[in-house]
Amino acid sequence: MALTPKEIEAKTEELKAFIAEHKDVDGPLMPIMQKAQDLFGYLSLDTQELIADSLGIPVTDVYGVATFYAQFSLTPKGDNVISVCTGTACYVKGAQSVLDKVIEILGIGAGETTADGKFSIQDTRCLGCCGLAPVMTVNGDVYGRLTPADIKGILEKYQG
Amino acid sequence: MNNVTLTIDGIKVTVPSDYTVLEAAREANINIPTLCYLKDVQQIGACRMCLVEVVGGRGLQAACVSPVSDGMVVRTNTEKIRNSRKTILELLLSNHNRECTSCVRSANCELQALCNEYGVKDYPYDGERSETTLDELSPSIVRDNSKCISCRRCVATCNKVQNIGAIGVSKRGINTTVGSIFGRSLVDSPCINCGQCILACPVGALHEKENISDVWAALHDPEKYVVVQPAPAVRVTIGEEFGLPMGTSVTGKLAEALRRMGFDKVFDTDFGADLTIMEEGTELISRLNNGGTLPMITSCSPGWVKFCETFYPEFIPNLSSCKSPHEMAGAVIKSYFAEKAGIDPKKIFVVSVMPCTAKKFEAKRPELGHDGMADVDAVLTVRELARMIKSAGIDFARLPDGEFDKLCGESTGAGVIFGATGGVMEAALRTVYEKATGKELADVNFHEVRGIEGIKEAEIDLDGKKIMVAVAHGTGNASKLLDAVKRGEKEYTFIEVMGCPGGCVTGGGTPIVTSKELQYVNPKVERAKGLYAEDEGKPKRKSHENDEIKALYEEYLGEVGGHKAHELLHTHYTKRERYAR
Chain A
1 MALTPKEIEA
11 KTEELKAFIA
21 EHKDVDGPLM
31 PIMQKAQDLF
41 GYLSLDTQEL
51 IADSLGIPVT
61 DVYGVATFYA
71 QFSLTPKGDN
81 VISVCTGTAC
91 YVKGAQSVLD
101 KVIEILGIGA
111 GETTADGKFS
121 IQDTRCLGCC
131 GLAPVMTVNG
141 DVYGRLTPAD
151 IKGILEKYQG
Chain B
1 MNNVTLTIDG
11 IKVTVPSDYT
21 VLEAAREANI
31 NIPTLCYLKD
41 VQQIGACRMC
51 LVEVVGGRGL
61 QAACVSPVSD
71 GMVVRTNTEK
81 IRNSRKTILE
91 LLLSNHNREC
101 TSCVRSANCE
111 LQALCNEYGV
121 KDYPYDGERS
131 ETTLDELSPS
141 IVRDNSKCIS
151 CRRCVATCNK
161 VQNIGAIGVS
171 KRGINTTVGS
181 IFGRSLVDSP
191 CINCGQCILA
201 CPVGALHEKE
211 NISDVWAALH
221 DPEKYVVVQP
231 APAVRVTIGE
241 EFGLPMGTSV
251 TGKLAEALRR
261 MGFDKVFDTD
271 FGADLTIMEE
281 GTELISRLNN
291 GGTLPMITSC
301 SPGWVKFCET
311 FYPEFIPNLS
321 SCKSPHEMAG
331 AVIKSYFAEK
341 AGIDPKKIFV
351 VSVMPCTAKK
361 FEAKRPELGH
371 DGMADVDAVL
381 TVRELARMIK
391 SAGIDFARLP
401 DGEFDKLCGE
411 STGAGVIFGA
421 TGGVMEAALR
431 TVYEKATGKE
441 LADVNFHEVR
451 GIEGIKEAEI
461 DLDGKKIMVA
471 VAHGTGNASK
481 LLDAVKRGEK
491 EYTFIEVMGC
501 PGGCVTGGGT
511 PIVTSKELQY
521 VNPKVERAKG
531 LYAEDEGKPK
541 RKSHENDEIK
551 ALYEEYLGEV
561 GGHKAHELLH
571 THYTKRERYA
581 R
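Protein chains in written order, with the numbering used here: chain A, 1 to 160; chain B, 1 to 581.
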């Protein structure tokens with residue numbers, strides 16, 4: 001969801017306060033980045049520069065961590081976040097073909113957001129409902145025992 | 001520091017207890033191969049090339065990060081070790097662009113050398129490869145990730161030594177990438193073009209943006225009048241490219257080689273250096289007498305200037321307004337020389353041979369020129385010039401000594417030492433002392449500003465008036481110095497900063513010394529020795545005694561620091577964003 005300038009300002013202030021509290025503890029980078037990810041839904045260049053300058057490290061260090069862990073995103077999330085589980089159980093039950101179908105329909109890759117900002121795709125690890133494998137969630141709604149043929153209908157519900 | 005005694009391959013060696021196994025082996029004349037290790041810059045045990053067996057220890061250990069201990073028994077040359085090193089090389093090659101014949105680092109590549117040593121003959125692990133990019137947008141540096149082995153030596157250099165952090169490591173596994181953030185080009189990063197990353201690279205993943213073909217084209221163009229000028233540091237570095245010992249001064253051979261290549265005039269950037277001292281010395285005295293911004297900071301190093309513009313813009317008023325020596329020389333060649341020789345300056349093509357990659361960026365700065373002409377048209381690194389000399393069939397090492405051409409070819413010892421850290425400071429002090437006091441210097445040597453300590457300072461007595469000066473080399477040291485000035489802990493009148501550690505003699509455009517050699521020799525020291533020896537042997541050692549410089553002012557420029565001098569020899573600076581939005 002696109003943030004208004006006012007929201008960005010408020011969230012930036014919240015992040016600054018969090019940094020001030022955490023910058024002197026051991027290993028402050030990860031918790032600060034997680035907080036920023038929670039606040040903004042992604043880590044923009046502005047956010048990464050703010051974190052880097054506050055901690056006195058190069059932006060390249062922040063960016064290195066942001067791209068190392070799948071939990072961090074570099075682009076804003078769409079209005080609807082699709083998470084396709086590619087954990088072991090889902091994978092053996094055909095999660096890849098489900099993910100491929102989502103990718104095919106939306107025309108974006110995993111970790112990306114559609115140009116109109118409506119959808120983002122994430123590949124995630126185990127969601128904890130292996131009995132329903134293969135599983136995907138849209139904004140937290142769980143869809144199980146999927147086949148590629150189910151995907152079109154599910155996505156249409158969220159087209160809005 | 002206590003000493004410990006250990007046994008490596010049956011040889012007993014006693015070393016300080018803070019040594020690593022790699023360092024101890026060196027003392028025992030045992031070479032342990034390395035790739036990610038770079039003395040004084042990076043020791044992270046990542047590449048695993050330096051694996052050794054510690055008797056009683058578990059598995060193989062990385063010698064570069066294994067501390068020595070008393071009674072330790074180490075083996076570096078077992079079948080298991082040789083096999084594992086060979087496997088590591090085969091794995092590296094499985095994801096490496098193996099265009100060795102056309103690679104700029106062929107015959108000077110650490111990976112290639114090790115593959116030869118370990119008899120790697122085929123590629124058993126070929127399979128998936130990393131996606132790669134070729135970034136040629138920077139005017140100074142080309143990054144070819146198809147050759148990168150992710151050793152991170154460039155990253156450590158950019159980040160820890162230079163305090164810039166333009167490049168880092170991102171993603172992971174086979175997607176691991178070394179480069180700028182968000183897949184940007186170096187040109188869209190805070191890169192200062194110093195090229196220290198090129199010197200750190202063991203392979204051909206980083207090299208200068210070549211201008212060789214531009215220079216050959218100019219030389220072959222009958223309409224162009226092609227003038228060349230080599231920087232001070234070139235004369236004590238280019239010999240290495242032809243097998244001469246490090247630091248050998250080859251000034252005469254260099255002039256001769258340039259003439260044989262077909263340049264119409266062979267001038268000298270050392271002349272420009274003497275000219276710089278005239279203007280910069282006068283600027284300092286004027287700032288001192290007229291309450292100008294102090295400390296004044298030198299502006300010869302384009303890597304440093306961009307660093308200042310990007311990371312310390314509050315010090316822009318402190319930067320001397322003087323152009324760098326080769327830009328001054330270029331401006332004079334296209335005005336004074338052109339007029340004297342009766343040549344249309346628009347036909348003159350000025351080539352600078354520099355120990356520097358940032359000079360390529362500097363030459364393209366729009367403010368460095370006049371009447372629609374750039375002061376300098378092309379910049380070659382020392383390595384590029386060596387390649388051109390080789391391809392011209394010139395037997396450099398056996399050349400007789402040649403001379404620089406008159407008018408812009410004379411230089412004093414002061415101009416020569418510009419190439420070493422502290423050299424500009426010393427050259428300036430020689431002239432400033434005599435100009436400010438009206439007295440002759442009893443001793444022209446300012447030993448306190450020489451040497452390779454990161455930050456040097458000295459109190460200079462200008463006949464009763466005492467000034468504090470400081471010298472920093474490498475932008476990491478410059479940061480420390482400027483931070484101390486900002487905090488008010490230090491007060492100086494004059495500061496010299498060179499962007500590269502060691503100054504120009506170890507600039508990003510100089511011959512590459514392998515990490516193995518760097519364990520034994522220090523090019524910062526050896527190459528500077530060549531310059532100081534040349535200074536010592538010069539009949540004139542103060543810039544203001546240079547007869548061609550005197551003639552330039554008398555016949556053309558008028559007053560030092562006067563109107564015409566300002567028009568041709570001075571410049572201005574711009575605050576820069578680290579990342580353009």
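Just so you know, the hints here were simulated from the structure itself, not pulled from any lab data.
Beta carbons: idealized from backbone N, C-alpha and C, even for Gly.
There's no promise every hint is true.
[Said to hold, decoys possible] One side only, chain B facing chain A, incomplete, derived with CB under 7 Å:
1. Lys160
2. Gly168
3. Val169
4. Ser170
5. Gly173
6. Ile181
7. Arg184
8. Ser185
Against the structure, the hints:
1. Lys160: violated (10 Å)
2. Gly168: holds (3 Å)
3. Val169: holds (5 Å)
4. Ser170: Where the cut-off is 7 Å and the nearest Cβ of chain A is about 4 Å from serine 170 (chain B), the hint holds.
5. Gly173: Status violated, d = 10 Å.
6. Ile181: holds (4 Å)
7. Arg184: Because about 10 Å separates arginine 184 (chain B) from the closest Cβ in chain A, which is outside the 7 Å limit, the hint is violated.
8. Ser185: violated (14 Å)
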